[in-house]
Amino acid sequence: MSDHISSSSWTVSTRTRGSAFSMLAILALVALAFTAPLFVSRSVVQDLFFILTMLVLAQCWNLLAGYAGLVSVGQQAFVGFGAYAMFAGVSLLGMDPMAAILLGGLAALALSVPTAFFVFRLQGAYFAIGTWVIAEIVRLSLAQWKALGGGTGTSLPSGATRDMIGVRLVADLLGVRGPQATDIVCYWLALLLAVVTIGSIYKLLRSKQGLGLAAVRDNREAARSVGVDPTWTKSFVYLVAALATGLAGALIYVQKARISPDAAFSVPDWTAYVIFIVVIGGIGTIEGPIIGVIVFYILQNLLADYGSWYLLILGLIGILVMLFAPRGLWGLFTDRTGIQLFPVRRILAGQPKPKDIRGSD
Amino acid sequence: MPILALDQVSKSFGALKVADQISFALEKGEALGVIGPNGAGKSTLFNLITGNIRVDAGTIRFDGEDVTRQPPMARCLAGVGRTFQIPQPFEQLTVFENLLVGGAFGSRKTEKDVGERCADILVETGLYPKANQLAGSLGLLQRKRLELARALATDPKILLLDEIAGGLTEGECQELVETIRNIHRRGVSIIWVEHVLHALNSVVSRLVVLHFGRVIGDGDTETIMASKDVREIYLGIDV
Ligand SMILES: Nc1ncnc2c1ncn2[C@@H]1O[C@H](COP(=O)(O)OP(=O)(O)O)[C@@H](O)[C@H]1O
Ligand SMILES: [Mg+2]
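Protein sequences, first through last, are from chains B and F.
Heads up: the first sequence begins at 1 in our numbering, then just goes up one per residue.
Heads up: the second sequence begins at 1 in our numbering, then just goes up one per residue.
Treat the hints with care, since some could be wrong.
Claimed, not checked - So these bits of chain F aren't anywhere near chain B, every CB distance computed over 10 Å:
#1 3
#2 27
#3 31
#4 65
#5 72
#6 137
#7 163
#8 166
#9 196
#10 219
#11 223
#12 233
As the list claims (entries may be wrong) - With a cut-off of at most 27 Å between alpha-carbon atoms, the simulated DSSO-like pairs for lysine-lysine come out as follows:
#13 17(F) / 228(F)
#14 130(F) / 112(F)
#15 109(F) / 203(B)
#16 228(F) / 157(F)
#17 17(F) / 208(B)
#18 109(F) / 130(F)
#19 146(B) / 256(B)
#20 28(F) / 208(B)
#21 112(F) / 203(B)
#22 109(F) / 208(B)
#23 109(F) / 28(F)
#24 157(F) / 28(F)
#25 208(B) / 228(F)
#26 109(F) / 157(F)
What the hints assert, rightly or not - The following label-pair restraints were derived from C-beta to C-beta distances:
#27 27(F) / 11(B): 48 to 54 Å
#28 15(B) / 178(F): 51 to 57 Å
#29 65(F) / 141(B): 44 to 50 Å
#30 185(F) / 350(B): 24 to 30 Å
#31 12(F) / 268(B): 48 to 54 Å
#32 212(F) / 196(B): 55 to 61 Å
#33 136(B) / 212(F): 47 to 53 Å
#34 169(F) / 318(B): 48 to 54 Å
#35 85(F) / 151(B): 41 to 47 Å
#36 85(F) / 231(B): 24 to 30 Å
#37 196(B) / 178(F): 50 to 56 Å
#38 92(F) / 200(B): 20 to 26 Å
#39 178(F) / 294(B): 51 to 57 Å
#40 322(B) / 86(F): 28 to 34 Å
Hints listed in this document are in silico derivations from the structure and should not be mistaken for laboratory results.
Since we're looking at a predicted model, the values are computed, not measured.
Ideal placement from N, C-alpha and C gives every residue a C-beta, glycine not left out.
Work out the full structure, taking the sequences as your base and the hints as a guide.
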C-alpha cells in the first residue's frame, strides 16, 4: 500500500463548466419569481401558482420513477389525503390554514408508512397497481367522512383563508384586496415549496444516498453485493415524496378552498398530467420536470377550447416523445449542448504518479 | 479460526442439485482456486457465500460469525467482496462512481473518505483512463476489470473472483495475475474460480474441484492437478 500514499493528488467534484453561472441564473430566476406579484396581474399569479404546484408534484413523481424505479400511479392518494387533513385542521380544529398545510404534509407522510409496507411487497407493474388500489381505498374512505361533506365535498369556512397568517399584512403592504392577497400568499408558499423540494432532491442526489439510489436503479443485485440496502433507500425516497406531495396537495386546496373526494383524488389531475410532465420534459433529471411543466401549461392554454380532444392530443404527444425522445425534451437539449443545470456526476480529476500508470487497452 | 467455513451447504434449483453438502474452510490469508466443468455449480457456490442466493441447508460462517441468514449487504459489510462472472456494472454511473458506491457503502464511509482510495484502485486495475466514462460504454474486458475494481473498493477481507481471466491476451493475463498477487500480499484471502489454469495456479496454492455440485477434490495444487478426476474433466484443456 505504501506506494499509493503519495499519489494523493486526486480531486472529486460535481461542478461542470458553467455550473456556477447556472446557479446564479437560477437564483436570479427565483428572485424574479418572488417579486412577480408586485408587477403581474392576479390571474398570472394564479397561473404561476398552478405551474409551481404541478412542478412539485412532478419532481416528486420523477424522484420515485426516475431515480428509485418506483412507478406509482397512486400519488393522488397523498394529494387528496394531505388536502383532506388540511381541511380537517381548518374546518374541524380551527387551525390556521398555514399550520394546516403542515398538518397535511405530515398526514401524507403518516399514510405513506403503512402503504409502504404494502406496496413494497409488490414488484414492477404490481407495484403500480398497488399504489392505485391504495389511492382508491383512501378516496372511498374519505367519501364516508360526513363532517367533511362525504361524497359531495365541502368548502373551507368563509373567511378562513382571508385570516390566514400574512394575508392581512400582504393586503396592507401591497394595497390589494383580501382574496388577491390570499392568492399572493399561496403563490409565495408554492414558490417556497418548489424551491425547497428541488433543493432537497438535488441535495439527496448529490449525497451518498443518491449514489446508492442510482446503483439500485441500475442493478439491484450488484448494489446489494456492494453493501447498499435497496429497501431502505427506496423506502426513504417513497416517504420523502409522500411528504412533499401531501404538502403540495394541502396547499393546492387552500387556494381552491373547496374539496370533494373525486377532485382531490383525481387520477388525471394528480397522476396522468404529472406523468406527462415528467415524460415530456425528461425523466430522471431535475431539469426535465421544469421544462415539462412549462410545455404542459402552454399546451393546456392552447388546447383549452378543444374539450376531450385536449386529452387525446396530450396522450399523442406523450407517446411521440416516448418513442422518439425517450429522455424527453431536456434529454434532447443536454445531449446536444452538454449543459446541465443540476449536475450530479462525480468527476474525478488528477493524475497518478507516473510509475503507477498502466495502459488500459 | 478460518476466515470462511462452509458446513454441509446444499442448494437445489428444482430437481437440479447445484450444491450438494459442500464443506470446506479457508484460512485467513489463504488463496484457493475452484475448478470444475461448466454447470458444476461454481458461480452458485459464490452466490451462496455472498447471500445473493439462500442455502437450502447447511451453515456458512464468516470470520467466526454465522452469516447463513444474512442478506448480501450485511456480508459485504462484514468483508465479503465478489465479482460477477457476467459483469453487472451500474451502467448509468461512471466507472469512478461505480467504485464510489462500493467504497462508500461497502466500507461504511463517506464518499469524501473513499475518493482517493477508489482513484488508486482505478490506477491499480488499469481503469483510470476510463474513470469518467459511463460504465455502460465499456467493453467486456473492461467490465471485468470494473468488477474487480468495485469489489476492491468495498475493502474486502475475502475476495471471490469468478472467471475474470477468460479472453485476455497473454500480456493482459500476466498483468492481472500480478494485480491479484498484490492484493493477496496485502492480506486479502482469495477464492478464484478460473478455467485459465496456468494463471490460477500461479496465484493459488490449493484447489477445490466441483463436479455436479459436489466437492470431488480438495488439496494442494500439484496433487489435484495430478489426480485422475481432474485430468478426465479437463481433457483437452491446457493443464
Ligand atoms: N437461478 C438459477 N435457476 C435455475 N438454475 C440455475 C440458476 N443458476 C444456475 N442454474 C443452473 O445451475 C447449474 C450450475 O450453474 P453455475 O453455478 O452457474 O455453474 P458454473 O459457474 O460452475 O458454470 C447450471 O446447470 C445452471 O444452469
Ligand atoms: Mg460460472
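Hint by hint, here is what the structure shows:
1. 3: 18 Å, holds
2. 27: 22 Å, holds
3. 31: Since the minimum Cβ distance to chain B is about 18 Å, residue 31(F) lies beyond 10 Å and the statement holds.
4. 65: 16 Å, holds
5. 72: 4 Å, violated
6. 137: With a cut-off of 10 Å, residue 137(F) remains clear of chain B, as the shortest Cβ separation is near 13 Å.
7. 163: 16 Å, holds
8. 166: 18 Å, holds
9. 196: Given a closest Cβ separation of 20 Å, the condition holds.
10. 219: For residue 219(F), whose nearest Cβ neighbour in chain B is about 30 Å away, the distance exceeds 10 Å, so it holds.
11. 223: About 33 Å separates residue 223(F) from the closest Cβ of chain B, which puts it past 10 Å; holds.
12. 233: Non-interface label on residue 233(F) holds, nearest chain B Cβ at 29 Å vs cutoff 10 Å.
13. 17(F) / 228(F): 24 Å, holds
14. 130(F) / 112(F): This hinted pair holds, its Cα atoms lying about 20 Å apart.
15. 109(F) / 203(B): Answer holds: residue 109(F) to residue 203(B) is near 18 Å, not above 27 Å.
16. 228(F) / 157(F): 34 Å, violated
17. 17(F) / 208(B): 40 Å, violated
18. 109(F) / 130(F): 24 Å, holds
19. 146(B) / 256(B): Holds, because 20 Å separates the two Cα atoms, which is no more than 27 Å.
20. 28(F) / 208(B): 31 Å, violated
21. 112(F) / 203(B): 15 Å, holds
22. 109(F) / 208(B): Holds. Residue 109(F) to residue 208(B) sits at ~9 Å (cutoff 27 Å).
23. 109(F) / 28(F): It holds: about 24 Å lies between the C-alpha atoms, which stays within 27 Å.
24. 157(F) / 28(F): 9 Å, holds
25. 208(B) / 228(F): 52 Å, violated
26. 109(F) / 157(F): Roughly 16 Å separates the two Cα atoms, so the pair holds.
27. 27(F) / 11(B): 48 to 54 Å: Given range 48 to 54 Å: violated, Cβ gap about 40 Å.
28. 15(B) / 178(F): 51 to 57 Å: 36 Å, violated
29. 65(F) / 141(B): 44 to 50 Å: Roughly 47 Å apart at Cβ, these two residues keep to the hinted range, so it holds.
30. 185(F) / 350(B): 24 to 30 Å: 26 Å, holds
31. 12(F) / 268(B): 48 to 54 Å: About 50 Å separates the Cβ atoms of residue 12(F) and residue 268(B), which means 48 to 54 Å holds.
32. 212(F) / 196(B): 55 to 61 Å: 60 Å, holds
33. 136(B) / 212(F): 47 to 53 Å: 52 Å, holds
34. 169(F) / 318(B): 48 to 54 Å: Since the Cβ atoms of residue 169(F) and residue 318(B) sit about 49 Å apart, the hinted range of 48 to 54 Å holds.
35. 85(F) / 151(B): 41 to 47 Å: Since the Cβ atoms of residue 85(F) and residue 151(B) sit about 58 Å apart, the hinted range of 41 to 47 Å is violated.
36. 85(F) / 231(B): 24 to 30 Å: 26 Å, holds
37. 196(B) / 178(F): 50 to 56 Å: 52 Å, holds
38. 92(F) / 200(B): 20 to 26 Å: 22 Å, holds
39. 178(F) / 294(B): 51 to 57 Å: Since residue 178(F) and residue 294(B) have Cβ atoms about 56 Å apart, the given range 51 to 57 Å holds.
40. 322(B) / 86(F): 28 to 34 Å: 29 Å, holds
The structure does not agree with the numbered hints 5, 16, 17, 20, 25, 27, 28 and 35 stated previously, though it agrees with the rest.
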